[in-house]
Amino acid sequence: MRVVHYVNQFFAGVGGEDEAGAEPELRTGAIGPGRRLASLLGDDHELVATIFCGDDYAAGNPGFAPTLIEQAKEAGAELLLAGPAFTSGRYGVACGRIVAAAAEADLPALAAMNPDNPGLAEAAGAPVVESGVTAREMGPSLERLVAAARKLAAGEELSADDGLIGNAARTNRMAERSAAERSVDLLVRRLEGDRDATEIPLPDFDQVTPAAPVSDPADALIALLTEGGFVPAGNPDRLESARATKWIRHSLEGRDSLEEGEFESVHGGFSTQWANAEPNRILPLDVARQLEGEGAIGGLHTEYFATTGNGTTVADAQRFGTEWAAELHEANIQAAILTAT
Amino acid sequence: MLLCNLVSIAQRVGAPRIVATRGIPYPAGDPSLSPDGERAWRRQLLERALHALATPVTEPTVFDDEPAR
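If you're matching them up, the sequences are chains A and B in order. Numbering of the first sequence is given in the working numbering, commencing with residue 1 and proceeding in unit increments. Numbering of the second sequence is given in the working numbering, commencing with residue 1001 and proceeding in unit increments.
Errors might be hidden in some of the hints.
What the hints assert, rightly or not - Pairwise CB distance ranges, derived in the manner of DEER restraints: (1) Asp1036/B x Ser215/A: 41 to 49 angstroms; (2) Pro1031/B x Ala179/A: 55 to 63 angstroms; (3) Gly42/A x Pro1056/B: 57 to 65 angstroms; (4) Gly254/A x Arg1022/B: 26 to 34 angstroms.
Said to hold, decoys possible - Covered by chain B, per the in silico footprint, the following chain A stretches (three or more residues, Cβ under 8 angstroms): (5) 266 to 278; (6) 285 to 294; (7) 318 to 329.
Hint data in this document are derived by calculation from the structure and do not stem from the laboratory. For glycine and all other residues, C-beta sits at the position ideal for the given N, C-alpha and C.
Go ahead and model the full structure; you've got the sequences and the hints to work with.
Structure below.
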């Protein structure tokens, strides 16, 4: 089969965060991790081209995906592989959108990313197999991707045994036993203590009940929060740039604005040049103070909270959220504005 | 409420009140504008945010219109 591979600008060798705005492009042959992919695919399948796009471009312009899929098909693609994207959020979103666009265009496709990657849901039913957490696990992640790709190329169905994650598309097929027999069988297993057996795995949605609105922001105390890795210059609390295990707080008292050189972002998932040149782009203190002065905001909380949302586990993020809510409640804050990168 | 660029993800994880921004690296800015223009855009974002905070919602809701004055 003729295979086309999607990677981001970093793995395509175009550049790091400074090139995250790179436009979609197709190049002949294998690039970066695609070389190892090509050798793992062996002689049965040929990696004919690599398609890539900058992570920021792909996140902000969903149309990159159908554009690249069209180019891939013109290059003779019979199978599309994307990633592995590990826990990289924007790259995962791009891989998810690429395989979704491929499926839409009747091109068999498969992506690889970590189950915690927010891009997983973007695949919209197109298959995704599990990868490791970081590029250190490139080798085993590529091997799993190729093993699943071989099955897909042979027309076989993928299952959890192949590392399949996310919500797979439902397809019609003949079952060997009737629904009555299978449901009684499931009931017996449940009575025997098996709580997980099911034919229809439900999506793991976290239910968030919206808070009641504030009656009038002019009477409310409001906090500014961010997951943009936003710290005082020099990062005295050593907030992590990726996979954060903690959050930090810093006073905003006596400040009308955030000045270049006094605050910075240590986020490792995007280019921080714009944040560092004008820190109000991450935490909008300057206009929040303006609105406070005009009476549109009752008052701003005396400090901001920040963590780094970059490959952060869902469990840690939930803990931060719970701790933030408790802290704000304790300080009698009625509302919060959280900037997310 | 949440100011973010990846609105589809915010909706999917159930963020109740969302205001869309223009780029991942600058959720409360837009470096393509002049300093004054950028500050006006940031003010617009916060005005939308305040409007969102004062509006009842039952599900993830994107506030992308100017609040009525």
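Sort out which numbered hints this structure fails and list those numbers smallest first. 1, 7
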